Structure formats: C-alpha cells, structure tokens
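Given the sequences, and given the hints that come with them, work out the whole structure.
The residues making up each chain are set out below.
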Amino acid sequence: MNRPPAGAKDQVARLLTLVPLLHSHGEMPLGAAAKALDVSPAQVLSDLKVLFMVGLPGGYPEDLIDVDLDALEGPGGPNAEGMIRVSNADYLARPLRLSPTEATAMIVALRAMRDGAADDTREIVDRVLAKLEAAAAEGPAASRIDPGVDAREPRLVALADRLRGAAERHVQVRLTYYVPSRDEESERLVDPRGVVTANGVTYLDAWCHSAEAPRLFRIDRIAAAEVTDRPGETPVEAPRDLSEGIFAQSDDTALVTLRLAPPARWVVEYYPMEAVRPLEDGALEVDLLVADDRWLLRLLLRLAPHAIVLSPPEYAEEFTRVTRETLALY
Amino acid sequence: MSAAAKSERLLNLLIMLLVQRHYIAKDRIRSILYPDSTPDGFEKMFERDKEELRSLGVPIEVGQMDAYFDDEPGYRIRPDEFALPEIDLEPDEAAVVGLATKVWQHATLAKATTEAVRKLAAVGVDVDVAQLEIAQPRLSADEPAFDAFWQAVQERTPLAFDYLRSGQQTPATRHLQPWGVARYSGRWYAVGYDSDRQAERVFRLSRVQGEVRRDGVPGSYEIPAGTDVRTIARRLAPAPITEKVVVLARTGAALPLRRAADSIEEDVTGPDAATGWDRLVVTRGATDMGDEVLGYGPAVCVEEPRTLRDHVVARLREVTP
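If you read the protein sequences in the order shown, they are chains A and B.
For the first sequence, this note's numbering assigns the number 1 to the initial residue and increments by one for each residue that follows.
For the second sequence, this note's numbering assigns the number 331 to the initial residue and increments by one for each residue that follows.
Derived from the structure by calculation, the hints contain no laboratory data.
This one's a predicted model, so the numbers in the text were calculated from it and none came from an experiment.
From the three backbone atoms N, C-alpha and C, an ideal C-beta is built for every residue, glycine too.
Some clues are possibly wrong.
To be verified - In silico BS3-like pairs for lysine-lysine, Cα to Cα no more than 27 Å straight-line: (1) K432(B) x K35(A); (2) K35(A) x K441(B); (3) K131(A) x K432(B); (4) K35(A) x K9(A); (5) K49(A) x K441(B); (6) K356(B) x K9(A); (7) K9(A) x K374(B); (8) K374(B) x K356(B); (9) K9(A) x K380(B).
Stated by the list, open to error - From the derived model, a few chain B residues whose C-beta atoms are all more than 10 Å from chain A: (10) E338; (11) R351; (12) P369; (13) Q481; (14) P488; (15) A490; (16) A512; (17) R527; (18) R544; (19) S593; (20) I594; (21) E634.
Structure (structure tokens):
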C-alpha cells in the first residue's frame, strides 16, 4: 500500500514558497535560499530536483520547469555559493495565500503587540493589521480570538524586554525583588541568562551573586531593575528549559504529604506534584517536594482550612502554631 | 514510494489544476497523472492527494464539467484564490511583522507566524527585525485543550468535552458550539453556545479534562453577527468585584499590599506590641482578599469590612478550633 511519505507535504509547501522567493529576487545563492527557508542547502537542492521534474501537463520537455542544477552541485556536496536559476515557472510566481491558522496567528499576535505598544509604534501596528486583514479574506476567526489586555502588562512587557536585552549583552542587572514567602524585598546583583516562561508565568533566569547560585525571578515580582554597563562575571549560559516544571532542579527539598479538600484541589493544577491520590470524599492526598518551608506555610494559610499536613508532623505543628498566632490578633 | 515521487505528483496535480481555466475531468487527471493506477487505487490516491493539498491551504474547487451531464465532476484551482494578494509593506511595517513571529510561545502558532512571514518575504518584503524599538509581548497557551478550541473556532466545529467546574469533584460532559477564545487575567476561556444549557457560556480551558472530541462537522453552526468574545468573556467569567478593605500590617510587612494601597497611616495602635503597625487602605476584589490576607499570617490583621474579618477568623478557627 502506498503510504504517503510524511516529508512530501512539507516539501511541496517549501517549494511553493521557494519559487516566489526566486522569482522576486531574480536569482539567489543556494545558501541564502536555505537560510530563508530555515533548512539545509542539501534540502533545498533535493527540493529543486523535484521541481526539475514537474511542469505543465503536456509532457513535453519545454513544459517542464527549468532548474539549472549544475551550478548547485559542488565536488563534495551542495555548493552554497551556487546561484539558483529557475525558469518556466511563472504560474507559481506568487506564494500561497496565508492559511486561516497562519492569518489568525499573525493577526492575534499583532493585536497583542498593539496593546503593549507606545503611541507611535501602535500606529505602525495598525497599518500592518489593516493590510493583513485585507489580505486574509477568510480571516473573520481572528476577530473571535482575543489575546486580552492586562493593566499591568505594558510595564512587565517592557521590563522583560530590558532584561532580555541585558542577557543578550551579558551585562549585570541590579534587582529589587520581592520574596513573598519572607514578605520582604531584597537587593540582588545578577548575571542575566534569559527570560523564560512556564505555566504562563515569566521568569528571569540569572546567576544570583547574593545566593551564589542560578535563580529564577518572577518578572511580576521585580519591583525595580537597573541594567548596568558591567559585564557579567559568570560564564555565559543559555536560560534553562522550564518545560519540566520550575521545581525540577531544586535539591534541598522535603517530601510533604497534604490532604486537599475539594476547594483546594486547584493546587494540583498549579504546582508540580510527586503523586496525587484521590480519596473517597472528593479530597486528594498529594505528595509534593517543598524547597522552602515558608512557601508551604503561606500556601497552607491561603488555603485554610482546606489543606492539612499529613506528614511530616513538624510541618503540621508549625502550621497550627502560626494559625494560633494569627487568631490571637483578633 | 519515495517522498520525491509523491511531491512530484502533488505539484503536477496542483499545476495542472491551476493553469487551466476550466474544470478538469477526473478521467483526464487520471490518464495524465496516475496512468498506471487501478480504478480503486486511483480513487484512493487522488482523494488523499487532494486532501494533502487542501491541508496546505490550496483551494481546490469541485464543479460540474458540463451543464447537461451532471455525473462528471471536475476540478480546478483559481489563481486569484490560490495566490497571496499583493501586500505592500513599508520598512517599519515589515519590522513589526518580523517581531510578530516572536509573540506566540506555543509551538503550532509560532510555526504558523513564521510560515506567514516566509510567504511575505517570498514576495520581496524585506523583513528586518533589528531596526525597531517595541515592547514584545509573549502569548502563551499552556492549556492542553487550547489547540482543539482554536481549530474549532476556525472551522465552526461543535465540541464535546469533560469539564470540571470550580468547587466540583467530578467532571461533567459539556457540548459547545465555540464562537471564540479570549484571554482574560492571563487565562484562556472559550466562549460559545452551550447546547445543553441552551445559552451562551464561557469555559476556562485549564478546567477542561482529557481529550476534546469533535461533536459535529465543520461549518455546522453560525456565529451570531456582532459577537464580541472579549465582552462576553468579561461578562461571564467570574468578575472581580472590588471593595475598600482596611487592614493593619506590621511595620515593613505585606509589601505588595503596601504598593497597592490607596493610603497608608503609619505607626498606629495594633493588636499587639511586638512590632509597630501601619493602617493600609486597599481596593481589592473581595473574593480573593481572604486568601491574600491569610497568606500573610500573623503579619496582617483585617479591620474592615466586618464580613472579611469574620471570614478570615472563621477559616482560622476551622484549622485550630
């Protein structure tokens, strides 16, 4: 049975972009075309070999698209300097219309940019939106996908941008950072590595000179950031990959077992759990790794009375003690 | 069969349908492009090839060859439907387009914007991202259900899914004709017509459990004219109700509350003498305020409103009667 090879569709899509690219540039080095399409020169060469075999349905040699392949094959493989020349393909001179998902993704992204932009750039974004919306004739879906606006977002977006810039230039940043578990602000000198996102929260990943260790800083808890001209003192490193969750790399942790009544069940959506065991009454028994006791205490207080500590007992006692102390205020 | 042979066939089919002004009969397509196939084999291959081209966005039209003989379907691709219309972008506009590729932190949509920019670059738009100072937002969509809802909104496909309402313990199966999705307070919501409740509803995508199922064919419902998903999401998603809250905070404690405070009166008489106390007046959503105040433990004490004070005390008493 002829299973369609997975690569054919991608190859056709690439060729439908490559031909117009060559058409608008006249001719182009193989390496430059590969870069524009984000594939290897060897891939572009095998794409062109396909193009060489297709054309108008007459079946005569002059019906076929003409590709000058000789210039592209070097002695040891594809010649990135070689000029691609394609002719007899005028009917493919324009790229394929944007697909609904492409048009919608673009328009929604631009609308998100528009909301965070200053007045002069907002005007540019508006011009682009008008042109793209006109070109994406079938894009009414874009109007029904709303990226939303957050009142705080413009400040945070600008802050994330500045920190990203500092990471790219490898310069140190002085942070005023709020630590909720201690309810205090601290001053840190950091070597920023990059800005990363996990579960919808944006973090600065940086080497923290106060902690002498890499740390993640939530952007929305950075009260102030002063980008200095001083180069970072630690080796340049890429920001870490947070796809496994942000607690994955802590080592000094305690395994704590909690009982979460139904109103506190949302916790399992927000924090990584080692194990979740449903109980008969709709509650959950969960095991989680706790790196910071004060973080856990604060979480338990916020959830009161819907979360209790099953083990270890010292955590349960501490929670009870702090609850009594709080009650004593009233 | 090699990928190259398949690519050749797809491209030849595309070109054949694109360059003719009239519909082309299936028989003719078969004799030219699928000459060695059996009738059954041809049907299967042709169906699959059409679908693959369509999935790339190639608009293949089906029509009647001849007004007098309606048994013979024909196919064509109209060049004006196929090609990207003229888009003339100024350099600053092209820069904005380039930056837009970095907004989505979501694999499918990041790829879609990159593909869109490649098509624009192919018509000679010079996309240079370096020359513009603009804040770049990042849009993420970590909810596993997001892709299914995005797709359904594009196609107008009804969906069925299991949904866990806040405070409930077991998910219930829901049926929705999705109109749109909206991000509100950092979360994605689906907005649409709930065919069980026969009313418009919003669903928080993070509460959708497991696989989302198609519950009908694309295009099987209409979206009411003038539907504004942002307004609906705001109206139906739990709205923040704000009220004035007065709390006492120990000197130096509760910094986020201090930063958000409308006013701060320093050095007031507090519930104990262990530290100094300040009086903060904050305007906050009443629902979350209990959780927030409790999080500060013995560093914060509620004065007003009475309801919040009683609420906090009641919750603490349940922990230690």
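Against the structure, the hints:
A C-alpha spacing of about 18 Å is found between K432(B) and K35(A), which places the hinted pair at or below 27 Å, so the restraint holds. Restraint check for K35(A) and K441(B): the C-alpha separation of about 16 Å stays at or below 27 Å, so the hint holds. Annotation: proposed proximity of K131(A) to K432(B) holds, straight-line Cα distance about 20 Å (limit 27 Å). A distance of roughly 20 Å separates the Cα atoms of K35(A) and K9(A); the hinted pair therefore holds under the 27 Å criterion.
Our distance criterion of 27 Å between C-alpha atoms is met by K49(A) and K441(B), whose separation comes to about 26 Å. Taken as a hint, the K356(B) and K9(A) pair is honoured in the structure, with Cα atoms around 22 Å apart against an allowance of 27 Å. A distance of roughly 17 Å separates the Cα atoms of K9(A) and K374(B); the hinted pair therefore holds under the 27 Å criterion. The straight-line distance between the Cα atoms of K374(B) and K356(B) is roughly 13 Å, inside the 27 Å bound, and the hint therefore holds.
A hinted pair counts as satisfied when its Cα atoms are at most 27 Å apart, and K9(A) with K380(B) qualifies at roughly 11 Å. At roughly 5 Å, the least C-beta separation between E338(B) and chain A is not larger than 10 Å, which violates its mark as non-interface. At roughly 12 Å, the least C-beta separation between R351(B) and chain A is larger than 10 Å, which holds for a residue marked as non-interface. With a least beta-carbon separation of about 15 Å from chain A, P369(B) lies farther than 10 Å from that chain, consistent with its non-interface assignment.
With a least CB separation of 8 Å from chain A, Q481(B) falls inside the 10 Å interface cut-off, contrary to its annotation. Annotated as non-interface, P488(B) keeps its C-beta farther than 10 Å from every C-beta of chain A; the closest such distance is 15 Å. For A490(B), the shortest C-beta to C-beta distance to chain A comes to about 20 Å, beyond the 10 Å cut-off, and the non-interface label holds. Interface exclusion of A512(B) from chain A breaks down, the closest Cβ pair being 4 Å apart, not more than 10 Å.
Every beta carbon of chain A lies more than 10 Å from that of R527(B), the smallest distance being close to 20 Å; the non-interface claim holds. For R544(B), the non-interface assignment is confirmed: its Cβ lies about 17 Å from the closest Cβ of chain A, beyond the 10 Å cut-off. The beta carbon of S593(B) is kept farther than 10 Å from every beta carbon of chain A, the shortest such distance being approximately 20 Å. The claim that I594(B) is not at the interface with chain A holds, since no C-beta of that chain comes within 10 Å of its own (minimum 16 Å).
For E634(B), the condition that its CB be more than 10 Å from all CB atoms of chain A holds, with the nearest at approximately 13 Å.
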